[in-house]
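Protein chains in written order, with my numbering: chain A, 53 to 425; chain L, 1427 to 1549.
Worth flagging that the hints you see were computed from the coordinates, not collected in a lab.
Possibly wrong hints are sitting among the right ones.
[What the hints assert, rightly or not] The calculated EDC-like cross-link candidates involving lysine to aspartate or glutamate, where the alpha carbons are at most 20 Å apart (straight line), are:
(1) K163(A) - E209(A)
(2) K143(A) - E181(A)
(3) K163(A) - E1511(L)
(4) K163(A) - D1434(L)
(5) K163(A) - E1443(L)
(6) K110(A) - D1458(L)
(7) K163(A) - E1534(L)
(8) K111(A) - E1435(L)
(9) K163(A) - E1435(L)
(10) K1528(L) - D156(A)
(11) K193(A) - E226(A)
[What the hints assert, rightly or not] Pair by pair, the computed Cβ-Cβ distance ranges are:
(12) Q1452(L) - D156(A): 29 to 35 Å
(13) Y102(A) - K1448(L): 36 to 42 Å
(14) D156(A) - N1533(L): 22 to 28 Å
(15) E115(A) - Q1452(L): 17 to 23 Å
We treat Cβ as the ideally placed atom computed from N, Cα and C, and that holds for glycine.
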Amino acid sequence: MIPWQNTIKMHGSFIHFFLQVNFHDLISVIYGFLVLLVLLIAFIIVYTFYKRKVAYKKKLWRENIAIMISQVIFNEDDGTAPLQISFDDVKLLHKSRFRQYVIDEVIPAKKNLSGSATENLKKLFNTLELDKDSFKKLRNKKWHIKAKGIQELAIMEQVKYVKEIFKLTNNKNESVRNEAQCALVSFYGFEGFRFLNVTTHPISQWQQISLLNNLHDVQPSNLQVIEKWMQSPNESIIIFSLKLATLYSWYYAYDQVIRCLQNPDRQIKLNALAYLTKMPREDTPDEVIAQYSFGDKKIKLAILAILQEVGTEKHLPFLLKQLHNMDDTIKAAAAKTLSYLHPLGIAFLHTHLFADEYPWNAIFLQIEKDRAA
Amino acid sequence: MIILVAEDEMMMLKTIELRLKKDGHQLIICQDGREAIRKIEESSPDLIITDIMMPFASGLEIIEAVKRKGGKRIPVIVLSAMGQENVVLQAFQLGADDYITKPFSPNELSMRVKRYIPESIST
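Here chain A stands alone, though its shape is the one from the complex (with noise of 0.2 Å):
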C-alpha cells in the first residue's frame, strides 16, 4: 500500500471515532479540561506568589543582616570588649536557614574588611555558634557541602577544627582535600604544609598556585622538611618541595636538587633547573650539561639558558657543538649564550665559521637585535 493511501485510512478513522462520542461526553471532557486549567492557572498563582514572598523575605534578611554585621564591626575598635549584637528577631537566629544566611555575608566581609574589623566579624562568627554550623558540613556526606564547610572555617580562621580539617587532606575527593590542604596553609603558614608528609593523592599545578597564595610566612623556621619532601615517592610533592626551596632560596637542598635533576619526570628536572638558575654554585655547569642529552628541547633550552648566568669560558665548545644542533631554536639559545660568555662578546657572531650562512646569519642578526634593544 502506498504511504499517503495510509495516512488517510487513519484520518479516516479518527474522524469515525469523533462522530461516534455522544454530546454529553463532550461536555464531560472540556469541563474537566477547564478544572484543570483553572487548577494549573491557580497553581501558578500561589506558586509565583510564595516565590515572591521568598525573594521578599530574603531580601528583608539579607538587609537585617548585613545591618546588624555593619554594626558589628564597629562595635568597638580596639576589639578587646565583649561584642553587643543587636538584632530585632532573636528566634530567625536559631533557623538554619537564616543562619546560613548570616554565613554567607560574613564571608565576604571578612574576605573584603582588614584590621580591627575583622576580629569582631570573627567575634560575632563565634558568638553566634556560626562555626558549629560550618563544622556540620565537615560531617556531610556530599562533597561540596564539605568543602564549603572546610572553606568557611578557614576564612574565619577556626584553627580549634585543625584535627578534623587535617585528616581531610588526603581525601579521595579533589575538591574536599584542596579546599582542607589551603586551610592548613592558612592557619600556620608553612607550617601548616605538613600534610605533604602524609598525602598520596597528586597536587595539581592549580593547586600548588593556590597554596603558594595562601602562605604568608616570611621566613619559616623549618626549611629542612622540604630535603625530606623531595625524596617523596609522589611526584607532585617533589615538584612542590622544589618550588618551596626556590621561593625561600633554601641553599641546604642544592645536592637533593641535583639528584632531582636525574629524575626521569620532566617538570621535576624543569623545577630543579628553576632552582639552579636561583641559586647556583661553582659545579652548576657541569651538572646541568651531565643532563643535557637526557632531556627534551624544553630542557635543553632551560639548561643552556642557565649556562648563560652560571658559565664560563670552559664550556665555550659545548656551546659551540650546539650551533650544529639540528633545532635552530636549540641553535638560537647556544648562540645567545656564547654572545655572553664568550671573550669577544656579540663581536663573536661575526667571526663564526657560519655567519654569513642561512640559518645562522638570521639567527645571529635577531641576537644582535634582541641585545641592542
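Based on these hints, arrange chain L on the given structure of chain A.
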C-alpha cells in the same frame, strides 16, 4: 560632604555607609553602576567611591560619566579587588584619583576620604 557610594555587595555598602555617616558625611547610596550614573547626573556629590565590578555598568563607566558631566571636579576613589592592577591603571587613565584594595580597613577608607574634604568644610 556629600559622598556617592556605588557598591553592589550589600554588606560592604552598609559597612561603608555606617563608617562614613559616623564621620558626619551625607551619603548617596547606589547598588549598581547604572543607578550611580543616573544619580551623578541628577545630583552633585563632592566625592565618589565606587567598586569596579558591578552589575549594569562598571566603576570605569562611572568615572567616564563623571568626566563627561563636566562642571565642578569630583574626585573618585576606586575600590578594587587584589589582582585587578590592570583595571586600576585603566581607572587612573580615565581620571580616578585614588584606589583602595580589598581587603581594606573601614578606618583606612575614612582617612582617605578625609583627604578630599574641601578646606572650607574641614575648617
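Okay, the hints, checked on the actual structure:
1. K163(A) - E209(A): holds (11 Å)
2. K143(A) - E181(A): Holds, at roughly 15 Å.
3. K163(A) - E1511(L): With Cα atoms ~18 Å apart, K163(A) and E1511(L) stay inside 20 Å; holds.
4. K163(A) - D1434(L): Within the cut-off at roughly 15 Å; holds.
5. K163(A) - E1443(L): holds (18 Å)
6. K110(A) - D1458(L): With a Cα-Cα distance of about 19 Å, the restraint between K110(A) and D1458(L) holds, given a limit of 20 Å.
7. K163(A) - E1534(L): holds (16 Å)
8. K111(A) - E1435(L): holds (13 Å)
9. K163(A) - E1435(L): holds (12 Å)
10. K1528(L) - D156(A): holds (18 Å)
11. K193(A) - E226(A): holds (14 Å)
12. Q1452(L) - D156(A): 29 to 35 Å: holds (30 Å)
13. Y102(A) - K1448(L): 36 to 42 Å: holds (40 Å)
14. D156(A) - N1533(L): 22 to 28 Å: holds (25 Å)
15. E115(A) - Q1452(L): 17 to 23 Å: holds (21 Å)
Violation of the numbered hints given earlier is absent; every hint is satisfied by the structure.
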